[in-house]
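Student: Sequence:
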Amino acid sequence: MTSQPLKTTTLPSLRALATGRTGKVAATVFASSLMLTACSVENTAESDSTTDSTDSKAEKSASGEEGRGPITFAMGRNDTDKLTPIIEKWNEEHPDEQVTLEELAGEADDQRETLVQSLQAGNSDYDVMALDVVWTADFAANQWLEPLEGDYEVDTSDLLDATVESATYRDTLYALPQNTNGQLLFRNTKLVDSEPENFADLTQSCADLDDSVECLTLQLKQYEGLTVNTIGFIEGWGGSVLDGDNVTVDSEEAKEGLQALVSAFEDGKISSSSLSATEEETNLAFTGGETAYAINWPYMYTNAEEASATAGNFEVSPLVGKDGVGVSTLGGYNNGINVNSEHKKTALDFMKFIISEENQTSFAENSFPPVLASIYEDESLVEKFPYLPALKESLENAAPRPVSPFYEAISKAIQDNAYAALQGDKPVDQAVADMKKAIEAASN
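If you're matching positions, the sequence shown starts at 1 in our numbering and goes up one per residue.
These are computed hints drawn from the structure, not numbers from a lab.
Any given hint might turn out to be false.
As the list claims (entries may be wrong) - No farther apart than 35 Å at their CA atoms in a straight line, the calculated lysine-lysine pairs in the DSBU-like style are these:
| no. | residue 1 | residue 2 |
| --- | --- | --- |
| 1 | 190 | 89 |
| 2 | 426 | 436 |
| 3 | 384 | 221 |
| 4 | 89 | 436 |
| 5 | 269 | 190 |
| 6 | 426 | 437 |
| 7 | 190 | 436 |
| 8 | 89 | 269 |
| 9 | 190 | 412 |
| 10 | 269 | 255 |
| 11 | 190 | 437 |
| 12 | 345 | 269 |
| 13 | 255 | 322 |
| 14 | 255 | 384 |
| 15 | 352 | 89 |
| 16 | 412 | 221 |
| 17 | 384 | 437 |
| 18 | 89 | 392 |
| 19 | 255 | 89 |
| 20 | 221 | 345 |
| 21 | 221 | 392 |
| 22 | 352 | 269 |
| 23 | 345 | 190 |
| 24 | 89 | 221 |
| 25 | 437 | 255 |
| 26 | 322 | 426 |
| 27 | 392 | 255 |
| 28 | 221 | 190 |
| 29 | 412 | 392 |
| 30 | 384 | 412 |
| 31 | 412 | 436 |
| 32 | 89 | 384 |
| 33 | 322 | 190 |
| 34 | 345 | 392 |
| 35 | 426 | 412 |
| 36 | 392 | 352 |
| 37 | 352 | 190 |
| 38 | 392 | 322 |
| 39 | 255 | 436 |
Please read these numbers as outputs of a predicted model, since none were measured by experiment.
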């Protein structure tokens, strides 16, 4: 069978459209990347008539089976290089159920806006949508996703539990995890020779550091990174932000976790530069030998291997909390089926195809953390990517960010009040009380 080139359309960001600027955006990816050629959608003339995308979706496959036929897969352009070979392989094997890749904007907010506008209009432009894990509950609550039950039920027993939890809303699975991500604790072994057992052990291990070296650097700038790390401390001390529909961020455990974060910052155990640090500033501090520890995502591993200050002199482990292994929040994508799709059976099969062992192995080989648990035990992969066992342990102890259709408001409440506590503008007791008040107001 002759392989056909992958049909791809690329959407400019809505922000660019609004200003009349739709310049090329370079999608920078970690590890090896595949350059995609953006191409316009070609109109095919058949009997002097144009078949538009809506008409093509109404067509059945050659078998004539209902629910099958060509589909469109929408995903933010920054990571589509990992999916391109998988889509090409699917298309070779399914000539009557071709997948067209629709590249959305690189920015998450623009991706979400594009999808929401289409779904609110009741369109079936996108059959399968790669959703940031924090969007799943919102899309499910708005009844935009086909529940994965009954004829669409999927066996998720081989997937990492936390990833399945992130795709579940009100005890119903609404999406299928595609890839994931978890935070790791990076340690400069020239500065600290042994792995800490808990957070107190970490801070104590920095006692003899030279004044020119920081103890711990992480992301505390007022953006989503602050939400992620605040939740990590809250969860790592036994607390939570939500318990079902109940707001629990003011529990004693949650307060203790936030206090641990604030106290470590006030005592200088967490670098002052963390207050303005994103992932990249954290990366530069660690690979430059400026900090003994750093909390960051797995992408930093290769950077640390290649940097002169850390090459051969660093190790990774799961995060640490109050009593041992800490709690990372999850990143990654969940794939959902548009409730308006004409070809849901094909959509489901394509989503299942993505999580096959072969394709999940491909993700791991491209530093795109898989959701299939067994991949993390592949000896050949572990030899190539030594961080995989630590990442698996991190993911096994991970927690999804609050599963709520009001996540954006929850994140803002956490950011605003955690930042104020770190700045010394309000005590921790007041910060968690104000978080609870803001979250409850957003949820009502």
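Student: Now tell me, hint by hint, if it's right for this structure.
Tutor: How the hints compare with the structure:
1. 190 <-> 89: violated (45 Å)
2. 426 <-> 436: holds (15 Å)
3. 384 <-> 221: With Cα atoms ~33 Å apart, residue 384 and residue 221 stay inside 35 Å; holds.
4. 89 <-> 436: violated (48 Å)
5. 269 <-> 190: Cα-Cα ~18 Å, so holds.
6. 426 <-> 437: holds (15 Å)
7. 190 <-> 436: violated (42 Å)
8. 89 <-> 269: Since the Cα atoms of residue 89 and residue 269 sit roughly 50 Å apart, the hinted pair is violated (cutoff 35 Å).
9. 190 <-> 412: violated (38 Å)
10. 269 <-> 255: holds (19 Å)
11. 190 <-> 437: With a Cα-Cα distance of about 45 Å, the restraint between residue 190 and residue 437 is violated, given a limit of 35 Å.
12. 345 <-> 269: With a Cα-Cα distance of about 53 Å, the restraint between residue 345 and residue 269 is violated, given a limit of 35 Å.
13. 255 <-> 322: holds (13 Å)
14. 255 <-> 384: The hint is violated at about 40 Å.
15. 352 <-> 89: holds (14 Å)
16. 412 <-> 221: holds (13 Å)
17. 384 <-> 437: violated (48 Å)
18. 89 <-> 392: holds (28 Å)
19. 255 <-> 89: Violated: residue 255 and residue 89 sit about 50 Å apart, past 35 Å.
20. 221 <-> 345: It is violated: about 43 Å lies between the C-alpha atoms, which goes past 35 Å.
21. 221 <-> 392: Judged against 35 Å, a Cα distance of about 27 Å means the pair holds.
22. 352 <-> 269: The hint is violated at about 45 Å.
23. 345 <-> 190: With Cα atoms ~54 Å apart, residue 345 and residue 190 exceed 35 Å; violated.
24. 89 <-> 221: violated (41 Å)
25. 437 <-> 255: Status holds; Cα separation ~15 Å.
26. 322 <-> 426: OK: residue 322 and residue 426 at ~23 Å, within 35 Å.
27. 392 <-> 255: Judged against 35 Å, a Cα distance of about 28 Å means the pair holds.
28. 221 <-> 190: Between residue 221 and residue 190 the Cα gap is close to 28 Å, so the pair holds against 35 Å.
29. 412 <-> 392: Holds, because 29 Å separates the two Cα atoms, which is no more than 35 Å.
30. 384 <-> 412: violated (39 Å)
31. 412 <-> 436: holds (12 Å)
32. 89 <-> 384: Distance of about 25 Å is within 35 Å: holds.
33. 322 <-> 190: Given pair residue 322, residue 190 holds - Cα atoms ~25 Å apart, limit 35 Å.
34. 345 <-> 392: holds (31 Å)
35. 426 <-> 412: holds (16 Å)
36. 392 <-> 352: Since the Cα atoms of residue 392 and residue 352 sit roughly 21 Å apart, the hinted pair holds (cutoff 35 Å).
37. 352 <-> 190: violated (44 Å)
38. 392 <-> 322: holds (20 Å)
39. 255 <-> 436: With Cα atoms ~12 Å apart, residue 255 and residue 436 stay inside 35 Å; holds.
This entry does not satisfy hints 1, 4, 7, 8, 9, 11, 12, 14, 17, 19, 20, 22, 23, 24, 30, 37, going by the numbered hints stated previously.
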